[in-house]
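**Student:** Using the hints, position chain B with the ligands against chain A.
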Amino acid sequence: MSSKQKRFELMVGALTDDLYRYAYWLCRDPHLAEDLVQETLLRAWRFMHQLRDSKAVKAWLITTLRREHARIYERKRLDIADVDEEIVEDPQSQDVLMEVDRNKMRQQIMALEIEYREPLALQVIFGYSVKEISAALELSPSAVMTRLFRARKRVLDQFGEGLVPDELLQEGGA
Amino acid sequence: MNCLDVRRICLTEPTNRSPRLLMHIYSCKCCQQYRRRILEAEEKLKTAMDVTVPEGLDRKIAFEGSFEKPSAHSWPRWQAMAATVMVSVALGVILHAVGSKPNVVPELARHMMEDPLHMLPTQTDAAQRLAMVMRDIGGQWQGEYPENLTHARLCPVRGRASAHLVVQGERGPVTVFLIPGTDARNENGLKQAQLVAVSDLHGGSIALFGYEGENLAVIEAQFQQHVSWKQSLAARQEAIQLARYR
Ligand SMILES: [Zn+2]
Ligand SMILES: [Zn+2]
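So the protein lines, in turn, are chains A and B. If you read the first sequence in the numbering used here, its first letter stands for residue 8, the second for the next number, and so on. If you read the second sequence in the numbering used here, its first letter stands for residue 513, the second for the next number, and so on.
No lab work stands behind these hints: they were computed from the structure. Do not rely on the hints blindly, as some may be mistaken.
Stated by the list, open to error - A few chain A residues that don't get close to chain B, going by computed Cβ distances all over 12 Å:
(1) Glu-120
(2) Ile-121
(3) Glu-122
Stated by the list, open to error - Okay, the calculated bits of chain B under chain A, using three or more residues with CB under 8 Å as the criterion:
(4) 556-562
(5) 567-578
(6) 675-683
(7) 718-729
To be verified - Listed next, the in silico DSS-like pairs over lysine-lysine satisfying Cα-Cα at most 27 Å (straight line):
(8) Lys-65(A) with Lys-13(A)
(9) Lys-742(B) with Lys-111(A)
(10) Lys-13(A) with Lys-572(B)
(11) Lys-541(B) with Lys-62(A)
(12) Lys-572(B) with Lys-65(A)
(13) Lys-556(B) with Lys-65(A)
(14) Lys-572(B) with Lys-160(A)
(15) Lys-65(A) with Lys-111(A)
(16) Lys-65(A) with Lys-558(B)
(17) Lys-556(B) with Lys-111(A)
(18) Lys-556(B) with Lys-138(A)
(19) Lys-160(A) with Lys-742(B)
(20) Lys-558(B) with Lys-160(A)
(21) Lys-572(B) with Lys-138(A)
(22) Lys-111(A) with Lys-558(B)
Every value quoted in this text rests on a predicted model; they were computed, and no experiment measured them. Each residue gets a CB set at the ideal place from its N, CA and C atoms; glycine is no exception.
Bound conformation, chain A alone:
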């Protein structure tokens, strides 16, 4: 196996899961998410000789995936405001109560508009900081912070009273 191929396999092994999850929360469609991840990684394969630094590779993959998603989104207008929660059942979970909780939370995330869903996904899935999200999404840090507040407020309010105080939203700006 060539070293290029070896590096590709390592990259695929390390990043496929997170990329898939990110793609899933972008498009909310498991099949499309799969296509997006595949398209993105195969594109990386073609440019393997230029991709070295692993942190930069991740940023490049995220950029490529978002772009591909944006293209499909603009063309097909897939993003309908009211999604009929087709939450995929997760057979691995045992605890029924926990699963109910988790599915409720998933529905909350599903219902977020993309501008809130995406920064949240970048942070929760990739562990991105506000600064990294603002670079990836071309937004000011304060705009990213506001979106993250709003996203968390809407998702967490059901689960913990007063976790996200309103005064923070006002201070965070528009």
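**Tutor:** Just chain B with the ligands, lined up with the frame of chain A:
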């Protein structure tokens, strides 16, 4: 740092562990409790977002990657051979040229080998792709989109996010690269079966590859007329990222 600041950080970067934050939390019971609740909630959020990945997706992609050799894909043999000829001819250019600016032609020729856009079926949404690619490279297309455009893709060239385009010329497909920055050496000439031209484009560079007999000046004029640059944050960001790969 006051209690409100702490909450703001907890909600926008729950895993933040800056010394100032931790110092406040050590000395403030209220914030200690708050942070614990936030981290618990965050744990649930993480579990909720960890959707199940289709079984074997990574193996499937690695497997497909192992077969994908862009130069020996599904296009006819003569086209692949034409690409090889084009590339070897282009590579010859660099050996003779001398100048202060580096020659971009060999890299572009190699890129065309690995990403032979001009051999792929025409993209039906090429104009739309062009709009997005232009935005992503920090440029702008002003006026109507070219009718002869068949392909548009964002590609890395010399570590910069650049436009890899194909337009239909008189003699066949003409590949056009739009590269931010003007540090590519101007080239002009006919080399056996292939014509190459690299020149400045309002603060960027344009490189055109066409078959013998093609009037590249006509196609270049089309781009000179419509392209302008306004370096965007994303383009700069990507430039930095890509530069680090090299
Ligand atoms: Zn406090
Ligand atoms: Zn390309």
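**Student:** Hint by hint, say whether it matches the structure.
**Tutor:** We went through each hint and held it up to the structure:
1. Every beta carbon of chain B lies more than 12 Å from that of Glu-120(A), the smallest distance being close to 16 Å; the non-interface claim holds.
2. At roughly 15 Å from the closest C-beta of chain B, the C-beta of Ile-121(A) stays outside 12 Å, upholding its exclusion from the interface.
3. With 12 Å as the threshold on Cβ separation, the claim that Glu-122(A) sits away from chain B holds: the shortest Cβ distance comes to roughly 15 Å.
4. Under a criterion of three residues with beta carbons nearer than 8 Å to beta carbons of chain A, the stated coverage of the region 556-562 of chain B is upheld, 7 such residues being counted.
5. For the region 567-578 of chain B, the proposed coverage by chain A is satisfied: 8 residues have a C-beta within less than 8 Å of a C-beta in that chain, meeting the threshold of three.
6. Three residues within the 8 Å Cβ limit are the bar, and the region 675-683 of chain B against chain A gives 0, so the coverage statement is violated.
7. With 0 residues having a Cβ less than 8 Å from any Cβ of chain A, the region 718-729 of chain B misses the three-residue criterion, and the hint is violated.
8. For the hint pairing Lys-65(A) with Lys-13(A), the CA-to-CA distance comes to about 17 Å; that is within 27 Å, so the pair holds.
9. At most 27 Å may separate the alpha-carbon atoms for a hinted pair to count; Lys-742(B) and Lys-111(A) exceed this at roughly 44 Å.
10. Only pairs whose Cα atoms come within 27 Å are accepted, and Lys-13(A) paired with Lys-572(B) is accepted, the gap being roughly 15 Å.
11. Proximity of Lys-541(B) to Lys-62(A) is assessed by CA-CA distance (about 37 Å); at most 27 Å being required, the pair is judged violated.
12. Taking the CA atoms of Lys-572(B) and Lys-65(A), the gap is near 20 Å; set against the 27 Å cutoff, the hint holds.
13. As the CA atoms of Lys-556(B) and Lys-65(A) are separated by approximately 25 Å, the hinted pair is consistent with the 27 Å bound.
14. A C-alpha spacing of about 38 Å is found between Lys-572(B) and Lys-160(A), which places the hinted pair above 27 Å, so the restraint is violated.
15. Taking the CA atoms of Lys-65(A) and Lys-111(A), the gap is about 30 Å. The hint is violated against a cut of 27 Å.
16. The hinted pair formed by Lys-65(A) and Lys-558(B) meets the criterion: a straight-line CA distance of about 19 Å does not exceed 27 Å.
17. For a cut-off of 27 Å, the pair hint linking Lys-556(B) to Lys-111(A) stands: about 11 Å separates their Cα positions.
18. Pair hint Lys-556(B) plus Lys-138(A) holds up; C-alpha atoms about 24 Å apart against a cutoff of 27 Å.
19. About 36 Å separates the Cα atoms of Lys-160(A) and Lys-742(B), which puts this hinted pair outside 27 Å; it is violated.
20. Between Lys-558(B) and Lys-160(A), the direct Cα distance comes to roughly 15 Å. Compliance with the 27 Å bound is thereby established for this hinted pair.
21. Distance check on the hinted pair: Lys-572(B) and Lys-138(A) sit about 34 Å apart at the alpha-carbon level, beyond 27 Å; violated.
22. Our distance criterion of 27 Å between C-alpha atoms is met by Lys-111(A) and Lys-558(B), whose separation comes to about 13 Å.
Of the numbered hints given earlier, the model fails hints 6, 7, 9, 11, 14, 15, 19, 21; all others are met.
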